[in-house]
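Residue numbers (full-length UniProt numbering), protein chains in the order written: chain A, 1 to 157; chain B, 1 to 110; chain C, 1 to 120.
Simulated from the structure, these hints should not be mistaken for lab results.
Where is the CB? At the ideal position from N, CA and C, for every residue including glycine.
Among the clues, some could well be false.
Stated by the list, open to error - A short list of chain A residues far from chain C (calculated; beta carbon distances all over 10 Å):
1) ILE8
2) ARG52
3) VAL56
4) HIS130
5) ARG157
Unchecked claim - Listed next, the in silico SDA-like pairs over lysine to any residue satisfying Cα-Cα at most 20 Å (straight line):
6) C:LYS89 / B:VAL82
7) C:LYS89 / A:THR103
8) C:LYS89 / A:ASP123
9) C:LYS89 / B:LEU89
10) B:LYS60 / C:VAL9
11) B:LYS92 / C:SER94
12) B:LYS60 / C:LEU70
13) C:LYS89 / B:SER90
14) C:LYS89 / B:ARG91
15) C:LYS89 / A:PHE100
16) C:LYS89 / A:SER121
17) B:LYS60 / B:SER3
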Amino acid sequence: MTIYLGVILLALAWAAVTGSFTFPNLVFGLVLGSLTLYLVREQRGPFRSAFRPGKVLSLALLFVKELILSAWRVARLVVSPRMDLRPGIFAYPLKVDRDFEITLLANLITLTPGTLSVDVSDDKRLLYVHAIDCSDPEAAIKDIETGFERKILEAFR
Amino acid sequence: MISGEDFLSYCVTAALALLSLSFLLTVLRVLRGPTLPDRILALDMLVAIAIGFIAVLGIKTGYAFHVDIAIALGLVGFLATVAFARFVLSRKAKDFDSPKGVKSRAKRGK
Amino acid sequence: MIEPLLDYVAGILIVIGAIFALVASVGLLRLPDLYTRMHAASKAGTLGSCVMLIALAVQSQDLAISTRALAGVIFFLLTVPISSHLLAKAAHASGYRMWDKSVRDDIEGFVQKTKKITRN
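Go ahead and model the full structure; you've got the sequences and the hints to work with.
Here it is, written out as structure tokens:
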């Protein structure tokens, strides 16, 4: 099932990049998408997940809001005359355990206020996050837990 | 009340000026370093600014090709940064590479 | 008439995008170490280019160009965190130190003692 979703997404991406949503172009996109997925068939791990469009949309909206907020915070920090920095790396205990969800969470964390994902421990239990203000890591952990991670669990489980 | 076209052309001029300034500041970071990853990061930033330039020029001239150039540049910039990161990973940090006041891993005694 | 309105929106958007790009480059110059600079480049820089591409999509009034610009935005949002994450990981793993006023590093286990985790 998910493989068809992948092909359809690739076809839509093809149509968007070439800029024409005509029927022949979409069919060509489907052919190209299948060919692409055929090429990476050995690299693809098992991918099994639920997909709730409404929750995914709410995750996307939260993400856009946080991106704007984070750029604004960085902007304020950078132009303030005395930068008050307490940077550090804290370990975030992951609740999600599939590769796909970890990747998504790491990407979202990178683009949100004050945090940047640096590394994942080998056993995939800890995500190391660099924070620009690391004076209170517990609060940052709680933010991620109740924000993005909960939304990801809701959207893909 | 100024017309939309006039307003847009003022905005294009202002945006081009701001982008040029940020391009220069980023080049300064490339020159100053002090470490290799700093330079890579600044080069990545240059690609992002160049994409912004292309978008503004696309609005100014109205040519459709500019979007394709921006997408291609984004792809090349991404691949270049990934390749550079692999290079950094394969090459250990040297002491003369460390920024001022920053201890090397060996000296931390851990 | 919607055309002049679109011109106003696009004009405001490109100026906002350019200001974010400028802020990102000022941050790149002012912040003390690689990891904090990465915050400026990956957030403000990304938002700057994305906002300018969105302005192009708004202003072109041509579906083909708009979808291409939006595809570029999505592509950019997908790739920037990956490349900055990879660069941060590579820099940390090969021993580029953080700023000496950094308060904590759970990977190295300083400040708060955590179980030493082996990394490759």
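Here is what the structure says about each hint:
With 10 Å as the threshold on Cβ separation, the claim that ILE8 of chain A sits away from chain C holds: the shortest Cβ distance comes to roughly 15 Å. Every CB of chain C lies more than 10 Å from the CB of ARG52 of chain A, the least distance being 20 Å, so the non-interface label holds. Taking the minimum C-beta to C-beta distance to chain C, about 14 Å, the non-interface status of VAL56 of chain A holds against the 10 Å cut. The beta carbon of HIS130 of chain A is not kept farther than 10 Å from every beta carbon of chain C, the shortest such distance being approximately 5 Å.
Under the 10 Å C-beta cut-off, the non-interface status given to ARG157 of chain A relative to chain C holds; the minimum distance is some 22 Å. Under the criterion of a C-alpha separation no larger than 20 Å, the hint pairing LYS89 of chain C with VAL82 of chain B is consistent with the structure, at around 11 Å. For the proposed pair LYS89 of chain C and THR103 of chain A, the alpha carbon gap of about 14 Å is at most 20 Å, so the pair holds. Distance check on the hinted pair: LYS89 of chain C and ASP123 of chain A sit about 16 Å apart at the alpha-carbon level, within 20 Å; holds.
The straight-line distance between the Cα atoms of LYS89 of chain C and LEU89 of chain B is roughly 8 Å, inside the 20 Å bound, and the hint therefore holds. Taking the CA atoms of LYS60 of chain B and VAL9 of chain C, the gap is near 14 Å; set against the 20 Å cutoff, the hint holds. Of the pairs offered as hints, the one joining LYS92 of chain B and SER94 of chain C holds, with about 5 Å between alpha carbons and a cut-off of 20 Å not exceeded. Under the criterion of a C-alpha separation no larger than 20 Å, the hint pairing LYS60 of chain B with LEU70 of chain C is consistent with the structure, at around 18 Å.
For the proposed pair LYS89 of chain C and SER90 of chain B, the alpha carbon gap of about 12 Å is at most 20 Å, so the pair holds. Proximity of LYS89 of chain C to ARG91 of chain B is assessed by CA-CA distance (about 13 Å); at most 20 Å being required, the pair is judged to hold. Taking the CA atoms of LYS89 of chain C and PHE100 of chain A, the gap is near 19 Å; set against the 20 Å cutoff, the hint holds. With a C-alpha separation of about 11 Å, the suggested pair LYS89 of chain C and SER121 of chain A falls inside the 20 Å cut-off, and the hint holds.
Among the hinted pairs, LYS60 of chain B with SER3 of chain B is consistent with the structure: their alpha-carbon atoms are about 16 Å apart, no more than 20 Å.
The structure fails hint 4 only (numbered hints given earlier).
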